[in-house]
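**Student:** Below are the chains, spelled out letter by letter.
2 protein chains.
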Amino acid sequence: MSVLRRDPTTNRWVIFGDPPPAARTPGDACPFCTGHESMTPPEIVAWGPPQRRPDAPGWQVRVVPNARPLLRIESALERHADLIYDTTSGTGAHEIVIETPEHQRSLAALPKAQVALVLKAWAERIRDLKKDPRFRSIFVFKNQGALAGAWMPDHSHSQVMGLPVTPKALQEILAVARAHYRDKERCVFCDILREELEYGQRLVQVTEHFVALAPYASRYPYEYWILPREHSADYETTEPALFDDLAGVLLASLGRLEDILPEPAYNLFLYSSPNRDARKGYWTTLAQDFHWHIAIMPRLVQTAGFEVGSGLYANPVLPEDAARMLRGGTPSGDDGAGAPSG
Amino acid sequence: MSVLRRDPTTNRWVIFGDPPPAARTPGDACPFCTGHESMTPPEIVAWGPPQRRPDAPGWQVRVVPNARPLLRIESALERHADLIYDTTSGTGAHEIVIETPEHQRSLAALPKAQVALVLKAWAERIRDLKKDPRFRSIFVFKNQGALAGAWMPDHSHSQVMGLPVTPKALQEILAVARAHYRDKERCVFCDILREELEYGQRLVQVTEHFVALAPYASRYPYEYWILPREHSADYETTEPALFDDLAGVLLASLGRLEDILPEPAYNLFLYSSPNRDARKGYWTTLAQDFHWHIAIMPRLVQTAGFEVGSGLYANPVLPEDAARMLRGGTPSGDDGAGAPSG
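Here the protein sequences come in this chain order: A and B.
Note that this note's numbering gives residue 360 to position 339 of the first sequence, counting from 1, and the numbers run on in steps of one.
Note that this note's numbering gives residue 159 to position 138 of the second sequence, counting from 1, and the numbers run on in steps of one.
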């Protein structure tokens, strides 16, 4: 049974529980493959033909509980003091979104309709988990490649966690975005979008509904974000018709990342609003002061301790150069796709 | 020439500059070895016999500028706005403390007097760099082993950086400690020390002047902190006579870490007060609300993206068990060295 503890000098929560599973041996049968449905816990939801029975082949995208979850959904949420410290039961959801029935096919290699289904699956799981008031926030992420921490690197999947706390990284963004809004009555991400659309040199791709850009102070080489052009705090309220556009942006940028870095390892994080209903009246975000976004963090090298200990990152690639490369340009010349320089 | 940029959604500074050097090839001549003094830039300070000339053999501990610094001391400090963003020139100091003239001898294998000299060197460099008002904080750290990001793993050294900003990780601790003090008129670290000395189960070692303990919400397995028992915000004001005691605590705990994990990779961070004089009258710490400490973070596995992206860490080893092992106990039984349980 896992438990969460909070460090009183940083307010960071840490989960104490079973160690993560060792990376799977390539020869083992893959529990995520079609035909192996009985190797996972019973599915939560799946997309496929209407006549298909649960836990049978035929699905396109399948969501199952993590067989070795960091947090457990069966436990009652308990918070208590422990000496001068704070602790919370390891209550939560830990789900796997199996993105394709096919083994060894990366997200970047899937058809656009399939990627749109994955993006829709994230939204549906967030919507469903937010109904549970025990969950303060829903964190969606994907580890691609061993350098990014994937323990099952050969079958493409993402993870959805319903958390009894708001994780520190999201809390920090919420606090800064809220202070910006309080001061200016403007969303900081809307400010960024407006500025970057005009400046142009850090843009990766612009479609009718989404913008992909290399952020001004990228932590990692070739890091980029995807944001909706229209203000929205809640990913799960995205119009279903827009997932096709979003899938196209994600596929194009991941494809160009593969041109720059063969078989790139990366982490993908979906930063969306926490469960506002669960803490109504207490400090949380309001819809107007936060803007959901997807961050893609390529992992060329492992994060050294210095970055973790200082919070100061060193990045040898300027985001202007990263954006030009991610638009399909060359390291030296321009690609002509950027907007006029400022 | 490097430059710092600040991310407006997290207030995190990122250094953009030359990539770090590739890890040294074992066959190459080691620039840190005695007799190779001309392979480094001219030394800043060294400890050795009084008749020794600079950049000649005979030293015990030698401090040199990093030959490929992330930040440059020659540049004037400039801060300006860049569109809606903030940027600062890459002005700073980046120094190497060569901890021993001997190749392939780890800090844990040095005599106590030698380790005390290293600890004294850190204090002297902090004192000296704080005289420069361009530097907002001085960050001292050590990467031991390739998993911890060491690029010169075979000659023991630590690094001292004079920074034009206060790095985010220190800023976070300062903010939380300051809020605690504002609310309670007590130092949060003094609270932790008092509670842990009474509780006992997370103590690693207690001497006349220092306490080593596994913190309540350790991020990493076998993480531990060393704190002075008497309140002090500024490491560099430590009485010279106490470095012997501190060296003993560090050596004993690193030695036990080596019993648990053969050839452990770890990061060591010294969290000390920022340069209070450089921002007098503006927000910074006061001496009463912060408490310097050394954090040792063993690196058993690389940090997955999940931790970096969420700020939520998962740790399979409870600090009570880590402390028992670090006291020399066994995984199951106790070692009898702990104080009575609470």
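Just so you know, these hints were derived from the structure itself, not from any lab.
Heads up, some of the hints might be wrong.
In this list, chains with the same sequence are indistinguishable; a pair is considered to hold if it fits within one copy or across any two.
Think about it this way: if two alpha-carbon atoms lie no more than 35 Å apart in a straight line, the pair counts; the simulated DSBU-like pairs of lysine-lysine are [said to hold, decoys possible]: (1) 205 <-> 301; (2) 189 <-> 205; (3) 189 <-> 301; (4) 133 <-> 301; (5) 152 <-> 141; (6) 205 <-> 133; (7) 205 <-> 152.
This one's a predicted model, so the numbers in the text were calculated from it and none came from an experiment.
**Student:** When the structure is checked against the list of hints, which entries are broken? Sort them ascending.
**Tutor:** 4 and 6
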